[in-house]
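With the hints as constraints, model all of the structure from the sequences given.
Chains as they are written, first to last, in the numbering used here: chain D, 1 to 148; chain A, 1001 to 1450.
These aren't lab readings, by the way, just hints derived from the structure by calculation. A virtual CB, placed ideally from N, CA and C, is assigned to each residue, including glycine. Certain hints may be false.
As the list claims (entries may be wrong) - If you want a taste of the chain D side facing chain A, the calculated C-beta under 7 Å gives, among others: (1) V49; (2) V51; (3) L52; (4) T53; (5) V106; (6) N110; (7) T119; (8) A121.
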Amino acid sequence: MRPESFSLEEGFDPVRNQYNSTWILSKLLQEAGEEECKILGVTSVDLFVPVLTFVFGEAQLQGKAAVVSSYRLRDELYGLPKNPERLKERLEKEAIHELGHTFGIVHCRNPECVMHSYTYAEEVDFKSKDFCSSCSVLLDQKKRQAAS
Amino acid sequence: MNLKKNDQSVTILIVDDELSVRDSLTKWFIEDGYKADSAADAEEALKKLKPGVWDIIFLDIKLPGMDGMELQQRIKGIDPNATIIMITAYATVDTAVKSLKEGAHDYVTKPVDPDYLSHLVANVVKQRQLLSENIQLKERIQELYEIDQIVGDSPAMQKVFELIKTVAPTDTSVMIRGESGTGKELIARAIHSNSPRRFFPIITVNCGGLTEGLTESEFFGHEKGAFTGALYRRKGKFEMANGGTIFLDEVGNIDMKAQTDLLRVIETKQFTRVGGDEIIEVDFRLICATNRDLELAVKEGKFREDLYYRLNVFSISIPPLRERRSDVVLLCNYFLNKLASSINKPATGFSPEALERLKAHDWRGNVRELRNAVERAIVVAKGPTITLDDLPIPPSSGKAAEGRSLEAMESVHIKSVLEQMGWNITRSAEMLGIDRATLYSKIKKYGLRK
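Have a look at this one:
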């Protein structure tokens, strides 16, 4: 865990009032050192990719960098009372999900698998923090491939 | 149609000039487990297009050079089965709506809600899978009525097959001529099953068996209470044939009132149910069959001339079996193979003497009579070979008619069979190898009585 942070100003889109997650990924890659296997950025700003209205996070498929945001995972955004514990759980799940993509794992049909794709915050609560058996096997294979 | 079976093999092409849109959508779909690729303009898209390669194509309306609307037309020409989804900005929604009218499946407005996009693609995949299943099932049904079911190697039958192939894809009315038992209904079904209407029903009306006065109700249906006994509304045969084919068997037997009704529905494609006032529109193809001399009936004033010309647009004459004796052996073996297993008998062939007698027989009841004769022979045969003793055909067949007219012989033979069967019409018709309606008309023609 590195405490470093950098300004997101360049990635801000004033028309959308959101931050371009693809720009953040490129910035993270510049920041990453040679010795790091994967790099995950964590932010609280609202993220987007140009063609979609929002994203919870973005990752380089079978790459190095991933970013995840807490912005749309917060209950208070939907008029509910704050729930820091739930937010932490959701953020962990989405962080593991995006890191899973960096190992080359795509979305899974199993609704309980962490690699299942949900687009609503409350739906993220359905899935677990774990990879299903098929995704676990795949992850092991990918890790072995990366090591060799 | 090459439609994919599971999500993993679904292919998506994204055509957009904005690199960020191409990249983010491609990545999104790959992460979702689809196979995705992109093209920056129409030229690159057309290079990547081949029939059956792409299941779903996302197409930006505004492209440099050839725009999305024009490219949509080109794609439809190359791969009409690809599902096209237009990508648009707010300013071009009108154009997107126009693209829907020209065959696009849907459109998305940038930026797209990720949930909407996921559901849209999942629904398209599901719809394409159902369509694929539907096509496969229809193809299987079609196989049941393939033209191959009609057996005949003779030049006369080859000509009939050619005529079926010529007329089937059109919407032309067809008149099938042939003696009773020659397989007129089989020909009608072959025409229907090889026509664009094959996915709709073929409805057969046996006009020879229609009771005078009830023909109108049979053709057009009736409303509840239209007449005594009409307890429910009932659809008529023309309504049931909507979109498909109506086959009027023994059309020469319908009375003058029914002829007028038939002419009207053929000309207007509209009718009302008996006792109703709602005008019902129908779309049907007409196939008729008769073994009557319709030209003579027209001359005698028994059949409307204008209706005759309406029905007799394209005529197919099926030769009687005695005029194509070379087909007899082929038919005997065809029925032997087809029936032996269903009757669960070990019959595998005919003795040379049995085949000679089968070839020499006159087959007044045509293919139907031959089929019944083979079936009976299979039942009574004691071994795998059908012998002379197993055949229900007298050796003197064909010689007894000397010195007497064909009609007189037919009358005597029918009366003898009827008496043998105790005037049971169903069993007598079966024995004679003709249908019940034909037997009734022959009884009437020869004035036969108990």
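Legend entry - Ascending list of hint numbers which this structure does not respect: Violated hints: 6 and 8; rest satisfied.
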